[in-house]
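Protein chains: 2
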Amino acid sequence: MRVDFFWPGRTKRPELRALEDFYLGRIRLLADGRVVVTPAARGLDEREKARILEIEAQGLEKRWKDDYIICLSDEGQDMTSAEFARFLAARDREGRRLGFVVGGFLGLAERILRRADLRLAVSKMTLSHELCRVVLLEQVYRSLTILQGRRYAK
Amino acid sequence: MRVDFFWPGRTKRPELRALEDFYLGRIRLLADGRVVVTPAARGLDEREKARILEIEAQGLEKRWKDDYIICLSDEGQDMTSAEFARFLAARDREGRRLGFVVGGFLGLAERILRRADLRLAVSKMTLSHELCRVVLLEQVYRSLTILQGRRYAK
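Those protein sequences? They're chains A and B, same order as listed. For the first sequence, this note's numbering assigns the number 1 to the initial residue and increments by one for each residue that follows. For the second sequence, this note's numbering assigns the number 1 to the initial residue and increments by one for each residue that follows.
Hints are computed from structural coordinates only; laboratory data are not their basis. Bear in mind the structure is a predicted one, so any value in this text is a computation, not a measurement. Don't take every hint at face value.
Examples of chain B residues lying across from chain A (beta carbon under 8 Å, computed) [unchecked claim]:
id	residue
1	E15
2	A18
3	L19
4	D45
5	D78
6	S81
7	V122
8	S123
9	K124
10	L127
11	S128
12	L131
13	Q139
We treat Cβ as the ideally placed atom computed from N, Cα and C, and that holds for glycine.
Kindly generate the complete structure, drawing on both the sequences and the hints.
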């Protein structure tokens, strides 16, 4: 299975960054996974939200071909871990490369959300974007262990 | 607002432990919050699940009086962050002390889940219990900032 994780700008909080690396390492034992850090808008005031999101959208789009794009959003569809594992397996059988997208501090441009093949909610609650990245990686790792019938901590 | 977090056994992964401390520190700027680590069953094989959960249940119950107990469970009720903030505010107006509970590796005894005033799902997906603790603390912190009209990272 080929799974890419796209996000504008590196995860800054060191503990979350370390967890990202940890779960990515686990994922790579079971699948072809990588994190692709796309350009984050710099030097703009937060009030210029539309411009920031547009810059970050362009950086994301450049990296996609015909990937099956899944944007994380608290307004997206929710799934149990078992449903999520089946969902990943089905896309893999179709030969699609999966691309997960988590926005930056201000989220994602509407255009990117519309482009998504799926909007996925790991929580109905709004998580910080950096914590959301970690939860996503943990769930993808969990799914891979479910699919391969391995034991993984609850 | 008085908010207690109960869990059997310390959180082991250092990054998650550091995040726990970080969010607890933030919570304590806005409310009377503490983490109470109750005894974890030791030296038992994982196959003795019922016994482990019973030992941990006793350790938890000892610490509660008439607290409003909220057990985290992926089969619990889900809420948006705004709904969760209103829920906390309502309990606080009733003068109830809130006690959140996240189980250990094997979860919580059925008896504890039945005792709960509410079962809350921060995700329909099954998170590792240590990651669940961090997500919970982050959400309580987020709620407190919502209630106090403060700005907090998305």
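Okay, the hints, checked on the actual structure:
With a cut of 8 Å, the hint placing E15 (chain B) at the interface with chain A holds, because the nearest CB-to-CB distance is about 4 Å. For A18 (chain B), the shortest C-beta to C-beta distance to chain A is roughly 5 Å, which falls under 8 Å, so the interface hint holds. A cut of 8 Å between beta carbons decides the hint on L19 (chain B): the least distance to chain A is about 5 Å, and the hint holds. Of the supplied interface hints, the one on D45 (chain B) is violated, with its beta-carbon coming no nearer than about 14 Å to a beta-carbon of chain A, more than 8 Å.
A distance limit of 8 Å between C-beta atoms decides the matter here; for D78 (chain B) the minimum to chain A is near 5 Å, and the interface restraint holds. The interface hint given for S81 (chain B) holds, since its Cβ lies 4 Å from the closest Cβ of chain A, which is under the 8 Å cut-off. Of the supplied interface hints, the one on V122 (chain B) holds, with its beta-carbon coming within about 6 Å of a beta-carbon of chain A, less than 8 Å. For S123 (chain B), the shortest C-beta to C-beta distance to chain A is roughly 5 Å, which falls under 8 Å, so the interface hint holds.
A distance limit of 8 Å between C-beta atoms decides the matter here; for K124 (chain B) the minimum to chain A is near 5 Å, and the interface restraint holds. Given hint, L127 (chain B) at the interface with chain A, holds; its Cβ is 7 Å from that chain's nearest Cβ, closer than 8 Å. At a threshold of 8 Å, the smallest CB-CB gap from S128 (chain B) to chain A is about 5 Å, leaving the interface hint in force. Restraint check, L131 (chain B) versus chain A: the minimum CB separation of about 6 Å is within 8 Å; hint holds.
Given the 8 Å rule on beta carbons, the hint for Q139 (chain B) holds: about 5 Å separates it from the nearest Cβ of chain A.
In this structure, only the earlier hint numbered 4 is contradicted, and the remaining ones agree with it.
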